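Chains as they are written, first to last, in my numbering: chain A, 1 to 492; chain B, 1 to 189.
It is possible that some hints are incorrect.
[Said to hold, decoys possible] Straight-line Cα separation of at most 27 Å, DSSO-like style, residue types lysine-lysine; simulated pairs:
1. A:K86 x A:K140
2. B:K165 x A:K140
3. B:K165 x A:K86
4. B:K160 x A:K140
5. B:K99 x B:K160
6. B:K165 x B:K99
7. A:K447 x B:K99
8. A:K426 x A:K304
Simulated from the structure, these hints should not be mistaken for laboratory data.
All of these numbers come straight from a predicted model, not from anything done at the bench.
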Amino acid sequence: MNEWRRVSPIAIIYFLFDSLRQAVNLWPALVPLVAGGEGFRQLFFTFGLPGLLVVFVLSVLLHFWFFRFRIEADRIQLHTGVFNRKRLTLYFERVQQADIAQPFYFRPFGLATLGLESAGSRQQEVDIPGLSFDVAQQLKDSILAHQAAEQETVADVVEVEQPPDYELHLDWPEVARYGLMFNGLLLFAPVLAPFLDDLAPSVEAWISGLEGTAAHELLVQSTRSELIWLVGVLSVFALLAAIALLFFISMLIALVRFWDYRLTRHGDQFQYRAGLGTVKTRGFRLHKLQQISISQGLVARLLKRYTLTISKAGSAAPVGDVEDSRRFLVPVLDRNGLTALTAQLSIPTLRWRRVSPLYVPWYGASVAFCLSVLLTVIARDHQWYPVVLLFIWMTSFLYFWRRWRCLGIYQDDNWVGLCSGLVGRKVVLLPIGKAQKTSISEPPWLKAWGLAHLSVWGAAGRIDMPFVSRSDADDIRDQTLYRVVTFQGRWF
Amino acid sequence: MRVFNPPVNPAQIRTLEDEPWQAVNPRYAFQLRVHLLGFVVFLLAAIWLVVLAEPESRRWALPLSVFVAVVFLGLIFIWLPRRVRHTRYLLRELDLHLKTGVMWRRSTSVAINRIQHLEITQGPLERSLDLSRLVVYTAGGMKSDLALPGLQSDTARRLKMRILKSAQDEDSLAEPALDREQRDGSAAR
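Turn these sequences into a full structure, and let the hints guide you.
Following this line, the structure appears as structure tokens:
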């Protein structure tokens with residue numbers, strides 16, 4: 001199997017569908033068709049459309065012709081692309097996921113598509129269409145065999161009999177708090193707004209429906225301004241009731257999701273079980289940890305609670321469920337619970353370092369300047385113009401001053417992290433030895449101040465440290481690279 | 001027993017900046033020039049299409065076109081040579097770095113043992129200039145790749161082979177640690 005091969009000609013159907021999918025992304029190109037005149041449209045349908053069809057069919061055929069692959073003992077190589085040629089080498093041991101799909105048009109011919117996903121990123125998916133089912137199966141098996149040799153365990157979730165080294169259980173009032181803290185339903189509130197607009201007229205309609213009752217007598221005697229007050233109060237009441245209902249539903253959802261939440265640790269194996277209807281079990285091994293985030297929103301802050309999320313790179317999850325399966329959630333933790341859990345994860349006490357205070361005037365002035373220009377254009381002659389201008393500048397500076405106060409960077413031998421927030425707080429930590437890439441960016445104004453932005457990519461996300469002194473940025477970059485190249489053992 | 005313990009002069013400690021960074025191929029300037037020219041032609045065509053549709057707009061189309069042309073010439077003669085000069089890469093045993101930008105400097109670093117896979121890409125223009133782009137992918141998902149532009153195709157292939165080999169050596173080096181970790185069941189993050 002060591003020579004370059006083309007896939008079966010039946011795979012042309014695959015390339016056809018693939019090209020169609022990509023062509024759909026070009027829909028903005030159709031805008032001139034709508035915007036242009038009748039003459040343009042006629043021209044398009046006479047010459048443009050047939051021409052495009054010919055180009056499309058040609059491109060499908062060429063894509064098929066130039067798609068070649070070679071299977072070697074430990075890797076697969078692909079040559080693809082017509083004008084933009086791509087050569088890709090994928091080592092079997094780096095493959096995170098291998099699955100076989102058999103679309104309806106392949107089934108009568110006994111063909112299949114082998115999909116390979118390289119670690120972590122969906123950017124690096126490879127599909128090899130039109131392989132015979134047996135070859136695809138063989139290839140998948142040999143890739144999995146490679147991985148089995150690399151890792152002794154494939155499954156994340158194991159049943160263990162011994163008592164756990166660490167345990168955390170959440171009672172239902174705690175879980176209900178999560179519903180209060182993360183009210184995803186509030187996102188729907190703007191959708192409700194148009195209905196609220198209808199509220200005042202319907203209240204009025206309801207009041208006029210009371211005609212003939214004693215209440216109506218009372219209303220008739222009241223003045224118009226009193227009526228407006230009444231409608232206002234009832235509307236506010238309805239709004240509050242709607243929000244309360246949203247919170248109530250959100251708490252119910254939290255209870256269904258995380259009922260009887262039980263987190264345990266056996267050695268390096270973390271696992272949680274939770275759920276009211278379907279009990280979900282999710283686990284991860286410590287070496288797969290790619291990022292920890294600890295967040296506390298406004299409500300959580302009032303309730304003195306935290307949420308901790310552990311992310312890993314793409315794992316052996318069913319397709320479509322990848323995003324969710326990458327995250328391991330501890331929904332609610334009080335201060336003591338957080339301290340105990342972070343100790344389990346070997347996170348030390350974090351001493352945050354401030355970034356340069358020039359952050360405040362730079363962003364404060366930039367945003368205020370843009371808003372001022374806008375204001376000057378639309379309301380230069382208004383009597384309140386100077387007052388609003390002053391307000392904009394003060395608010396902008398105050399806002400960025402607050403953001404700066406909340407910003408913190410951290411780096412030690414094991415972790416690199418960022419703390420940010422405004423009212424709430426969010427801490428993101430990456431295991432330093434697992435960093436994927438670092439980047440130092442120096443716009444001219446930062447360069448003049450001896451500052452830089454530093455970004456560190458992990459396999460599950462990125463942290464951006466703004467306004468770091470250039471020497472600190474170099475230092476963190478060098479430390480990170482040093483920890484990465486000396487990191488021993490498995491990292492995903 | 002005497003231990004080898006020479007004094008260290010702080011001024012002689014090498015930083016990343018002191019390493020021998022490699023310049024990209026000078027033909028990369030031509031590639032950028034053609035790209036820039038294509039963009040300017042597109043822009044001017046768009047402006048004059050508007051003029052065709054609405055002759056009234058000729059008044060501002062001319063100064064705008066002159067402005068675009070002047071900016072283009074400025075970019076070609078002032079920015080572009082600097083851009084090419086400031087695009088440099090550095091491959092060391094354990095890591096790969098890329099520096100770009102004249103005004104807006106950026107330097108990006110990837111450790112060899114985090115590289116997932118490598119790709120050599122070549123557009124039609126690059127092919128005619130015998131240039132290639134080496135793209136290094138890590139597991140960091142979106143935008144976590146590093147692309148070395150303007151490499152002579154042969155250099156790109158050699159870099160790719162070298163990095164692949166280093167990545168493999170890295171993996172075989174990590175093996176003993178892996179065994180040790182499995183034996184005592186200790187947690188290595």
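Hint check:
1. Annotation: proposed proximity of K86 of chain A to K140 of chain A holds, straight-line Cα distance about 23 Å (limit 27 Å).
2. A hinted pair counts as satisfied when its Cα atoms are at most 27 Å apart, and K165 of chain B with K140 of chain A qualifies at roughly 24 Å.
3. Distance hint between K165 of chain B and K86 of chain A is fulfilled; the C-alpha atoms sit about 20 Å from each other, no more than 27 Å.
4. For a cut-off of 27 Å, the pair hint linking K160 of chain B to K140 of chain A stands: about 26 Å separates their Cα positions.
5. Straight-line distance between C-alpha atoms of K99 of chain B and K160 of chain B comes to about 18 Å, which keeps the hinted pair within the 27 Å bound.
6. For a cut-off of 27 Å, the pair hint linking K165 of chain B to K99 of chain B stands: about 24 Å separates their Cα positions.
7. With a CA separation close to 15 Å, the supplied pair K447 of chain A and K99 of chain B stays within the 27 Å bound.
8. A C-alpha spacing of about 14 Å is found between K426 of chain A and K304 of chain A, which places the hinted pair at or below 27 Å, so the restraint holds.
The structure fails none of the hints (numbered hints given earlier).
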